[in-house]
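*Asks:* Each chain, letter by letter, is given below.
Number of protein chains: 2
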Amino acid sequence: MRIGGIEAGGTKIICGIGNEKGQIEKKISFPTESPEIVFEKINQFFAGEQLDALGVGTFGPIDVNRKSATYGYITSTPKPGWKNIDVLGELKKQFNMPIGFDTDVNGAALAEATWGSAQGLNSCVYYTVGTGVGVGVFVEGSLVHGLLHPEAGHIPVKRHPADSFEGFCPYHKDCLEGVAAGPAIEKRFGVKGHELGKEHEAWQLEAYYLGQALVSTILLLSPERIILGGGVMHQEQLFPLIREQVRSTLNGYVQHQMILEQIDQYIIPPALGDDAGLCGALALGLQEYKAGR
Amino acid sequence: MRIGGIEAGGTKIICGIGNEKGQIEKKISFPTESPEIVFEKINQFFAGEQLDALGVGTFGPIDVNRKSATYGYITSTPKPGWKNIDVLGELKKQFNMPIGFDTDVNGAALAEATWGSAQGLNSCVYYTVGTGVGVGVFVEGSLVHGLLHPEAGHIPVKRHPADSFEGFCPYHKDCLEGVAAGPAIEKRFGVKGHELGKEHEAWQLEAYYLGQALVSTILLLSPERIILGGGVMHQEQLFPLIREQVRSTLNGYVQHQMILEQIDQYIIPPALGDDAGLCGALALGLQEYKAGR
Numbered sequence: 432m433r434i435g436g437i438e439a440g441g442t443k444i445i446c447g448i449g450n451e452k453g454q455i456e457k458k459i460s461f462p463t464e465s466p467e468i469v470f471e472k473i474n475q476f477f478a479g480e481q482l483d484a485l486g487v488g489t490f491g492p493i494d495v496n497r498k499s500a501t502y503g504y505i506t507s508t509p510k511p512g513w514k515n516i517d518v519l520g521e522l523k524k525q526f527n528m529p530i531g532f533d534t535d536v537n538g539a540a541l542a543e544a545t546w547g548s549a550q551g552l553n554s555c556v557y558y559t560v561g562t563g564v565g566v567g568v569f570v571e572g573s574l575v576h577g578l579l580h581p582e583a584g585h586i587p588v589k590r591h592p593a594d595s596f597e598g599f600c601p602y603h604k605d606c607l608e609g610v611a612a613g614p615a616i617e618k619r620f621g622v623k624g625h626e627l628g629k630e631h632e633a634w635q636l637e638a639y640y641l642g643q644a645l646v647s648t649i650l651l652l653s654p655e656r657i658i659l660g661g662g663v664m665h666q667e668q669l670f671p672l673i674r675e676q677v678r679s680t681l682n683g684y685v686q687h688q689m690i691l692e693q694i695d696q697y698i699i700p701p702a703l704g705d706d707a708g709l710c711g712a713l714a715l716g717l718q719e720y721k722a723g724r
Numbered sequence: 432m433r434i435g436g437i438e439a440g441g442t443k444i445i446c447g448i449g450n451e452k453g454q455i456e457k458k459i460s461f462p463t464e465s466p467e468i469v470f471e472k473i474n475q476f477f478a479g480e481q482l483d484a485l486g487v488g489t490f491g492p493i494d495v496n497r498k499s500a501t502y503g504y505i506t507s508t509p510k511p512g513w514k515n516i517d518v519l520g521e522l523k524k525q526f527n528m529p530i531g532f533d534t535d536v537n538g539a540a541l542a543e544a545t546w547g548s549a550q551g552l553n554s555c556v557y558y559t560v561g562t563g564v565g566v567g568v569f570v571e572g573s574l575v576h577g578l579l580h581p582e583a584g585h586i587p588v589k590r591h592p593a594d595s596f597e598g599f600c601p602y603h604k605d606c607l608e609g610v611a612a613g614p615a616i617e618k619r620f621g622v623k624g625h626e627l628g629k630e631h632e633a634w635q636l637e638a639y640y641l642g643q644a645l646v647s648t649i650l651l652l653s654p655e656r657i658i659l660g661g662g663v664m665h666q667e668q669l670f671p672l673i674r675e676q677v678r679s680t681l682n683g684y685v686q687h688q689m690i691l692e693q694i695d696q697y698i699i700p701p702a703l704g705d706d707a708g709l710c711g712a713l714a715l716g717l718q719e720y721k722a723g724r
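If you're matching them up, the sequences are chains H and S in order.
Using the numbering used here, you'd call the opening residue of the first sequence number 432 and step up by one each time.
Using the numbering used here, you'd call the opening residue of the second sequence number 432 and step up by one each time.
Wrong hints could be hidden among the right ones.
The list treats identical chains as interchangeable, and a pair is accepted whether it falls inside one copy or across any two copies.
What the hints assert, rightly or not - Using 27 Å as the maximum straight-line C-alpha spacing, the simulated DSS-like pairs for lysine-lysine come out as follows: (1) K443 / K618; (2) K604 / K589; (3) K618 / K589.
Don't read these hints as lab results, they were simulated from the structure.
Please work from the sequences and hints to get the whole structure.
*Replies:* Encoded structure:
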């Protein structure tokens, strides 16, 4: 099979072609300019390619309700020019094939369950921690949509007693994203995270907030794997700190060996690394193809 | 159809017989004594009845993993005599029919999605707030299990600045259950909740904590309905307070009319009322029957 993938982020778009094993044959990236320019570049990249399916994993919020009149739209984004844009409709004009459409993070969760760290499992949650915090949720073999789609970057968190930073989320100030995304580290300490030493107190704070969010995730959803990706998670010293935070907060309540004994195999980095997003788009295309839509 | 249902709570067991419409024909209840006595009474109640299926919604933690050697067991409960009890195995000795088995709260969520407040929807979350806080989760048409099953009564919550009560959860002190279950109200104010006036500050505190948990639930799972049952939720003045807490905390972030305009139809009491638990057991039996197991 040959599957086209489009990973649409707020700052750049990655287009690629891969197969049903998640292997990428070629890819390009370009900035997220106006929709006109972006769709033109997408059409150019895929022009003349023989494809079986296409998948799109995009920034949001988006409409993923197949019964909705605006299914396939990017909806209420603050990004200039991208509000109420019919992404799926534009692609359907050019590409006569199954086209999968979901959030970038739902795509990444599906890719990890299809080819990566959660392969063969019935559930996983994918967190990306970078300029924002995004969450993809795969439960009982399905990506979660519901009313809209998960937006767990914005869940409330208890404040660390030693943290006086007010938080930077324009909606909630000190929600998870407001205190734990990359900009929170930079605003709190005056330099970017990767300029801080591995022993800096920033990482303990970061683990406090992310660990707390994972505890809520475990208690609400009981996922079989939790995968943490994104730029901030390149700080590998965070993983043991987060696992310890989760264990100490749960305090033995969830009696399962993955948490009690094997937490280093439970809270893990993405197996697909920096290709998780593009693989997510491929996985969405593959899923749509298999569903016969 | 005739379906048997067993709602097994920590203090009492309810057995009943109903049909595929969730209509209850007859029921009895008795205290949760030793497993020997309980199984004997269950056998007596159903003896000679013509049934198509049986469903069990039980207190936990339980093993709901069909591939596990202890599938159908109540596992690590502190309740004397009930640790590592093979509930499903005991029932299978007596009843040769499909037997559904899940948590009482997952059963209640399924019943509300089958016959109640979430009828026809693809997702709902059921909270029961009483001597503890239990949560059942139905997502994309399936009850959520994953690693174990949801235990969202214990998620971390931000403390209300005016609340000095330390919390009573033996594992986490001031998790949701520790500050918002019935005993927290009693320990904080010295009398049971139903003895406090409807204007008492207790209800504002209660709404602060429950509203916060619902915000996390909405952001992580995006359920199409949230149903709040249990003894504490008989205090109907809580519903508008909780809805307001959810709306003000989300602060317009989730752009969906169910939250922005129709939140009084979104966060609601169980349609099945005090029969939600028994109907849950019937729904679990019906689900097992339909799955042809």
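*Asks:* Taking the hints in turn, state whether each one holds.
*Replies:* Going through the hints against the structure:
1. K443 / K618: within (24 Å within a copy, 54 Å between copies)
2. K604 / K589: This pair counts as both: shortest intra-copy Cα distance 13 Å, inter-copy 14 Å.
3. K618 / K589: both (19 Å within a copy, 23 Å between copies)
Checked against the numbered hints given earlier, this structure breaks none of them.
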